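A.B. asks: Sequence:
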Amino acid sequence: MDSKPIDIEAIFNAVRKKRTAAERVAYLDGVCRDDPELRARVEALLAAHEEAGSFLESPPVDIGGTLDTPPLTEGPGTRIGRYKLLQLIGEGGFGVVYMAEQEEPIRRRVALKIIKLGMDTKQVIARFEAERQALAMMDHPNIARVF
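Take the sequence shown: its letters are residues 1 to 147, numbered as in this note's numbering.
Fair warning: there could be bad hints in the mix.
Claimed, not checked - Label pairs and their in silico Cβ distance ranges: (1) 37 <-> 122: 21 to 31 Å; (2) 49 <-> 74: 36 to 46 Å; (3) 25 <-> 121: 43 to 53 Å; (4) 123 <-> 26: 46 to 56 Å.
In short, the hints are calculated from the structure, not lab data.
These numbers come from a predicted model, not from an experiment.
We put the beta carbon where it would ideally sit given N, CA and C, even for glycine.
Let the hints inform the model, and build the full structure from the sequences given.
C.D. replies: See below:
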């Protein structure tokens, strides 16, 4: 085996450029003939590359803004599903509450709590769900009901 350093990235890129599986195998047979560990490492890189596909080549969704424009946020007049936001009632650490009008299946005014942008961690969502469960069990004229 040669004593010069091995450039695994160059081997990986060269193999990726081969058009057929037979060409890739022949290339690896030649380059890695005396080094089965190198071949295993290159094949592992190739497998990971194939599995990744087009991951991160483009954003999965349009995020609705750039660094030059602020992100889209909800406000009075915005529609979210079957609700139309009317006015901001209050704001807490991880959410905002709006007076909203439910349009279906019946028309009524409701309080709609929305998790703030960037606060959708597992812990915050768990707290949100716990709050929802606690409210659902309460029955008092001064406590909001959960529908």
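A.B. asks: Does each hint hold? Answer for all of them.
C.D. replies: Now for the hints, and whether the structure bears them out:
One distance hint, 21 to 31 Å for the beta-carbon pair residue 37 and residue 122, is violated here, with the actual separation near 40 Å. Checked against the hint of 36 to 46 Å, the pair residue 49 and residue 74 passes, with Cβ atoms roughly 40 Å apart. The hinted range of 43 to 53 Å is satisfied by residue 25 and residue 121, whose Cβ atoms lie roughly 46 Å apart. The hint said 46 to 56 Å for the Cβ distance between residue 123 and residue 26, and at roughly 53 Å that hint holds.
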